[in-house]
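Position chain G relative to chain X; hints supplied.
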Amino acid sequence: MLMQNIPWLVMMIVLPLVGAMFCFLFPQRVKLLGLITALVIVVSVTALASQVVEQGALRYAVGGWGAPLGINLYVDGLSLLMLLVTALVGLAISVYSIAYFNQEKSQHFWPLWMLLWTALNALFLSADLFNLYVTLELLGLSAVALVALAGGANALGAAMRYLFVSLLGSLFYLLALALLYHSFATVDIAILAQRIEATPAVWAAMALMTAGLLLKTALFPLHFWLPPAHANAPAPVSALLSALVVKASFYILLRLWLEVFPLPNAALVQFLGLLGSGAVLWGGVQALRQTRLKMLIAYSTVAQLGYLFIAFPLATSMAWKGALYLLISHALAKSSMFLAAGNLQLFGGHDRITHLDRVAQRLPLTLAAFALAGVSIMGLPPSGGFVGKWLLLDAALRTGQWWWAVILILGSLLAAAYIFKVIGHAFTQAEVPHEEGEVSRMMEWVAFVLALAAIVLGLIASWPLALMDIGTPFNSGVAQ
Amino acid sequence: MNWDAMLPLFILASSLVPGLIIFTLPEEAVRTRVTLNMTGALIKVALVGFVIWGVLNGHHYETRLPFLPGLDLVLRADALSILFITLSTVLWLVTTIYAIGYLENSPHRSRFFGFFSLCVTATIGVALAGNLITFVLFYELLTLAAYPLIVHRGTEESHRAGRTYLIYTITGGALLLVGTVWLYGLAGSLEFTHRGFISELVESHRSALIIIFTLLIAGLGVKAALVPFHGWLPQAMVAPAPVSALLHAVAVVKAGAFGIVRVVYDVYGIEFAAGLGVTLPLAILAAVTIIYGSLRALMQDDLKRRLAFSTVSQISYIILGVAIVGPMATIGGLVHLVHQGVMKITLFFCAGNLAETLGIHKISEMDGVGRRMPWTMAAFTIAAFGMIGAPPLAGFVSKWYLGLGALEAGQDWVIFVLIGSSLLNAAYFLPVLHSAWFKKPMGNWPAERSFGRMETALTLLVPPVITACLVLLLGLLASAPFSALQWAQFITTLEYAP
Chain X
1 MLMQNIPWLV MMIVLPLVGA MFCFLFPQRV KLLGLITALV IVVSVTALAS QVVEQGALRY
61 AVGGWGAPLG INLYVDGLSL LMLLVTALVG LAISVYSIAY FNQEKSQHFW PLWMLLWTAL
121 NALFLSADLF NLYVTLELLG LSAVALVALA GGANALGAAM RYLFVSLLGS LFYLLALALL
181 YHSFATVDIA ILAQRIEATP AVWAAMALMT AGLLLKTALF PLHFWLPPAH ANAPAPVSAL
241 LSALVVKASF YILLRLWLEV FPLPNAALVQ FLGLLGSGAV LWGGVQALRQ TRLKMLIAYS
301 TVAQLGYLFI AFPLATSMAW KGALYLLISH ALAKSSMFLA AGNLQLFGGH DRITHLDRVA
361 QRLPLTLAAF ALAGVSIMGL PPSGGFVGKW LLLDAALRTG QWWWAVILIL GSLLAAAYIF
421 KVIGHAFTQA EVPHEEGEVS RMMEWVAFVL ALAAIVLGLI ASWPLALMDI GTPFNSGVAQ
Chain G
1 MNWDAMLPLF ILASSLVPGL IIFTLPEEAV RTRVTLNMTG ALIKVALVGF VIWGVLNGHH
61 YETRLPFLPG LDLVLRADAL SILFITLSTV LWLVTTIYAI GYLENSPHRS RFFGFFSLCV
121 TATIGVALAG NLITFVLFYE LLTLAAYPLI VHRGTEESHR AGRTYLIYTI TGGALLLVGT
181 VWLYGLAGSL EFTHRGFISE LVESHRSALI IIFTLLIAGL GVKAALVPFH GWLPQAMVAP
241 APVSALLHAV AVVKAGAFGI VRVVYDVYGI EFAAGLGVTL PLAILAAVTI IYGSLRALMQ
301 DDLKRRLAFS TVSQISYIIL GVAIVGPMAT IGGLVHLVHQ GVMKITLFFC AGNLAETLGI
361 HKISEMDGVG RRMPWTMAAF TIAAFGMIGA PPLAGFVSKW YLGLGALEAG QDWVIFVLIG
421 SSLLNAAYFL PVLHSAWFKK PMGNWPAERS FGRMETALTL LVPPVITACL VLLLGLLASA
481 PFSALQWAQF ITTLEYAP
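Those protein sequences? They're chains X and G, same order as listed.
Start counting the first sequence at 1; every next residue gets the next number (the numbering used here).
Start counting the second sequence at 1; every next residue gets the next number (the numbering used here).
Only chain X is shown next, with the shape it has when bound in the complex (with noise of 0.2 Å):
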């Protein structure tokens, strides 16, 4: 019964910020604090979702005061299923930070990695649209000073080239705030629906609100700052960016037009399927001309966060379950696939793909995490990804516009091309070398596990289909 009269709500949101605090306090103790923290939060996640499961979506006024005044935090099946991934890809990558930094990296990593994820659990969790501005600032700076921790010229200007683009995001999304909250004097998203109104203000407000998240969502051609940043980062700042940070902002987007905007745009909502379109052809081109495997994974991403925009034209509750889908099988996949190039790199010194062979083979296990991660990225059967485009196929045809259909076919043979671009190393008739490397198995497995459940979400498909439907996300604004 103790369980049931915490709010799990906020537990969500501190514990990761004490533990931050923790491991900015105890630097000599970072990797168990931190590694504390996670297991706690999981178990949070685990209670709160439960919570949610048997009491539907839940809305908690912080310290009692409610909106307008004070602080809302709300939870529906969007949100819980992005705080559980974010639980389950952070959990991964802190296990495998263990392992992969040394203990002067991590005196810097941990306590940034916490606030990271305090940001994004706050954000997930935010009912207001000036919450999630402040969460957006928080992520975007942790994000920054984590690319700049590899250190050299390279991985400074990615991080200084990524600073900018975040701050220019964000400053749209402000400026668009006002506007929003000079026309109806609130921010909370529940009354800002209620308000809203097409006039030209509103429609300033949603063009640079989506303009600034579209620019931090790196949707082509917004995407150039994400390539050198995801690829210069240490391995598991890679994965968090790739699988949950551009993550972070697409969600925002996805609540603003499905709650705050549901004004039905034709034209706007098949430019965003163009763009979205343009994103998985060219990124999935661009990763097949790619030399580093780094770089080739950076630019799959950009490929497949293209997905998720084509959900827009379509704009069925099958469509956006699918683009959800999308997004979660990749955050596991696409995580598994930076875990395990960082294995490769740390093993060879390098990440070129041509001379991956020696290395791969003596790295099976890794090399078997990256094919199954790929499986889902091809989305072939049976994996998370598949059953995400699936859905998006199905929608795409039974409302007749089968020209997405063909684009999405288009994106998994090229996601194909690249991969076996990478795997067809593995099977050389190159000499098996017997040095040792300094992979340790675990983050061998981090990697293998990780990609193993991008597989088994094609398997449970209907478990977490069942929990999008809490509060019903998906049935209101665009989706009608």
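Take the hints with a grain of salt, since some may be wrong.
Distance ranges between label pairs, derived from CB positions [to be verified]:
no.: 1; chain 1: G; residue 1: R195; chain 2: X; residue 2: G400; range: 51 to 57 Å
no.: 2; chain 1: G; residue 1: G49; chain 2: X; residue 2: G400; range: 33 to 39 Å
no.: 3; chain 1: G; residue 1: R64; chain 2: X; residue 2: G64; range: 49 to 55 Å
no.: 4; chain 1: X; residue 1: R292; chain 2: G; residue 2: T24; range: 51 to 57 Å
no.: 5; chain 1: X; residue 1: S462; chain 2: G; residue 2: F490; range: 54 to 60 Å
no.: 6; chain 1: X; residue 1: R59; chain 2: G; residue 2: G54; range: 53 to 59 Å
no.: 7; chain 1: X; residue 1: A267; chain 2: G; residue 2: Y496; range: 51 to 57 Å
no.: 8; chain 1: X; residue 1: W403; chain 2: G; residue 2: T35; range: 51 to 57 Å
no.: 9; chain 1: X; residue 1: R292; chain 2: G; residue 2: S450; range: 46 to 52 Å
Here are some, though not all, of the chain X residues that point toward chain G, as calculated from beta-carbon distances under 10 Å [said to hold, decoys possible]:
no.: 10; residue: M21
no.: 11; residue: L408
no.: 12; residue: A426
no.: 13; residue: V456
no.: 14; residue: L459
The hints are simulated quantities; they were obtained by calculation from the structure and are not laboratory data.
Note that beta-carbon positions come from the ideal geometry of N, C-alpha and C, so glycine has one too.
Below, chain G without anything else, positioned relative to chain X:
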């Protein structure tokens, strides 16, 4: 627990579980690996035998698991799946013995046998699939599981073959997927049903159904090596001999042909497919493939390439049998599914023996090889005559029913295709036999290995001898109960309205 609902799952697990364990084994664990392989293969034979017995006694074996919203993962042992699982289970057992002998002391055996088992698991899944989505799942799994086997040797040539294979099959898989999703959107169901489940849509969605049919057949035709989608198959010849045997007789190519059978009979229903006017183009495509494959086979000097083009041609007999609308032709096509498998696996085993024992890869090197390896060449001869269609061998039975079926359906042109193809078969097999038995050896063999008093290793010799005997028996005992022919006749009664 309900055993009838679990049995299809056990049949899958009997190759999946050993395969997964084998992946984790170190290279030196030869004995454990052999034990696992053989145990899995034998258990599968026993389970399949039990299923046949059960089905005859009125049991209904079906596993149903929730998969996608509104769609289940269904594994069902119906008459058609039993035909295919029996074939693949028996031939898997034989091929496993052969592969153990063939790969002795070569590197990466754990990887090889792991994917080998996965491949068989996927094939069994394709056979047992009770609806189109389950079929697609295992079909794609097969695509992926076969790739490491094709590139197993790791040479530049095998990588090229692997790439070609992937380009063809992944594109094919994508077409199949689009067709499946579209069909689901229209019909609201994907459950395989005797005589099809689209009858209500024929009036309202005629053109959509024709496009979907084309998508499905194109997707399946890639694996079944229908012209013009056959390009990958001859290239895939660089794979080790047991892989070629498996690819051509049991797994990949057969899965495509089996899929076409399923789509025509249990998705569209043969009568509705004929009503849509899609069967005649399919028959013509199959006929073109038969003749084209034979012509290309004639031009090859590389033995395995000749056999590969022969497969291109022979697989289309199955499709031809399906596309000539009539019960007799159906029997001919279905029975060829089994007969072609047994004959072609024999030929590939023999080709592998020649390569392993004497280093022979080309037909021009085969002069007088019959005296050096009499058992191998005897098996080869039986299978080759079977392919040509000489009575009383298995191939004759298939061709006989195909011919009868064509006449019964009033499609007389098919007779000319059959005669032409048989002549071509003779033209590309008889010279091989002639030089093997009647010409004098040219001197030293390219790369001879000695096996004492035996002509080659026992594990390499026994499998082709067994399958050659099967070729003989399937022909001689065609009308005995439980023969492939009897079973095909039984299936046919289910697919045609009384």
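Hint check:
Range check, R195 of chain G to G400 of chain X: about 30 Å between beta-carbon atoms, so the 51 to 57 Å window is missed. At about 50 Å, the CB distance of G49 of chain G to G400 of chain X disagrees with the hint of 33 to 39 Å. Between R64 of chain G and G64 of chain X, the C-beta spacing of about 50 Å keeps the proposed range 49 to 55 Å intact. Between R292 of chain X and T24 of chain G the beta carbons are some 31 Å apart, a value that contradicts the proposed interval 51 to 57 Å.
A hinted range of 54 to 60 Å is violated for the C-beta pair S462 of chain X and F490 of chain G, which are about 37 Å apart. In this structure the supplied range 53 to 59 Å holds for R59 of chain X paired with G54 of chain G, their Cβ-Cβ distance being about 56 Å. At roughly 54 Å, the beta carbons of A267 of chain X and Y496 of chain G sit within the given window of 51 to 57 Å. Between W403 of chain X and T35 of chain G, the C-beta spacing of about 54 Å keeps the proposed range 51 to 57 Å intact.
The hinted window of 46 to 52 Å between R292 of chain X and S450 of chain G holds, with their beta carbons roughly 50 Å apart. For M21 of chain X, the shortest C-beta to C-beta distance to chain G is roughly 43 Å, which exceeds 10 Å, and the interface hint is violated. Satisfaction of the interface hint for L408 of chain X is found here, the shortest Cβ-Cβ separation to chain G being roughly 9 Å, below the 10 Å cut-off. The interface hint given for A426 of chain X is met, as the beta carbon of that residue sits about 8 Å from the closest beta carbon of chain G, less than 10 Å.
For V456 of chain X, the suggested interface contact is broken, since its CB lies about 13 Å from the closest CB of chain G, more than 10 Å. Satisfaction of the interface hint for L459 of chain X is found here, the shortest Cβ-Cβ separation to chain G being roughly 7 Å, below the 10 Å cut-off.
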